[in-house]
Each structure stands twice: as C-alpha cells, then as structure tokens.
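**Q** Sequence:
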Amino acid sequence: MDVIKRYFAAFNAGDVAGMLAELCDDVAHHVNEGQVRQGKALFEAFCVHMNDSYAEQLTDMVVMSNDDQSRACAEYIVNGTYLKTDAGLPEAHGQSYRLPAGSFFDVRDGKIARVTTYYNLADWTAQVT
Numbered sequence: 001m002d003v004i005k006r007y008f009a010a011f012n013a014g015d016v017a018g019m020l021a022e023l024c025d026d027v028a029h030h031v032n033e034g035q036v037r038q039g040k041a042l043f044e045a046f047c048v049h050m051n052d053s054y055a056e057q058l059t060d061m062v063v064m065s066n067d068d069q070s071r072a073c074a075e076y077i078v079n080g081t082y083l084k085t086d087a088g089l090p091e092a093h094g095q096s097y098r099l100p101a102g103s104f105f106d107v108r109d110g111k112i113a114r115v116t117t118y119y120n121l122a123d124w125t126a127q128v129t
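For the sequence shown, counting from 1, position 22 maps to 22 in full-length UniProt numbering; every step adds exactly one.
One should not assume that every hint holds.
Simulated crosslink set (DSS-like; lysine-lysine; CA at most 30 Å straight-line) [as the list claims (entries may be wrong)]:
#	residue 1	residue 2
1	Lys111	Lys5
2	Lys5	Lys40
3	Lys40	Lys111
4	Lys5	Lys84
5	Lys84	Lys40
Simulated from the structure, these hints should not be mistaken for lab results.
Produce the entire structure from the sequences given, and follow the hints as far as they go.
**A** So this is what it looks like as structure tokens:
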C-alpha cells in the first residue's frame, strides 16, 4: 500500500513534513501508552518531541491491507538510540534498543486517517535501564 510505504519512508528519513503529507487533516493518532491526539498539529508536535528524544530506524517491515485498502497494518523492528530523557521514563545515556512493533491504519481518500502504534513498553524499559 503506497501511502503507508511513503509514510514509513518519511519516518526513516526523519522527514516530519513528509509524514504529515500522507495524513488526513483530522488524523487520529493513537499513541502506545498514551492519549489519542487528533489532527496534524498534535501529530507534528509528537513527532518533533520524538525526534528530539529518540533516533529510530524501522527495518524488517511487512505492510498488509484489506481488499479495498481502507485499512492496513505494518509489522517492523524499531532500531533506536535513546537520546534525551523523556518524562516518566528512565534516564537517557545514548542507550540502543531493538524492539518489535506494529502500526494499524485507517485510510480515507488516499490519506491516513488513523495511526495506532503498539510496542512492549516493558521490553523497551528493560533494554534502556
């Protein structure tokens, strides 16, 4: 599914504007262990924060979709470095981590209308502690 592949290519390039270009204006962003954020502005703020605290590359990606391509999912490995301490999490010292994760999408008119991401926070915490 091209929109999902473009979204993740922009993610791996650290291109927040490229990610935003693939989203509906009213995108619903369901964050792992967090609140739902509605709209591109909150999505952008989240991405800026994440890029400040983490350097991540996604590998081993598999993208799947239903027949009408209104829903999709992706499974991948997050290869990261913890750059700056994030509130409520262990202190950052440049620790590396490798974490399986997945994302689920609703697609509307060729754009991403919902992003839901899941990973095991306890596994991540153990790797960086």
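**Q** Next pair to validate is Lys5 with Lys84; report whether the Cα-Cα distance is within 30 Å.
**A** holds (28 Å)
**Q** Can the restraint linking Lys84 and Lys40 be considered satisfied, given a maximum Cα separation of 30 Å?
**A** Holds: Lys84 and Lys40 sit about 24 Å apart, inside 30 Å.
**Q** Take a quick look at whether Lys5 and Lys40 sit within 30 Å of each other, Cα to Cα.
**A** With Cα atoms ~19 Å apart, Lys5 and Lys40 stay inside 30 Å; holds.
**Q** Has the given pair, Lys40 with Lys111, been kept, meaning a C-alpha gap of at most 30 Å?
**A** holds (12 Å)
**Q** Does Lys5 sit within 30 Å of Lys111, going by the straight-line distance between their CA atoms?
**A** holds (12 Å)
When each numbered hint is compared with the structure, no violation occurs for any of them.
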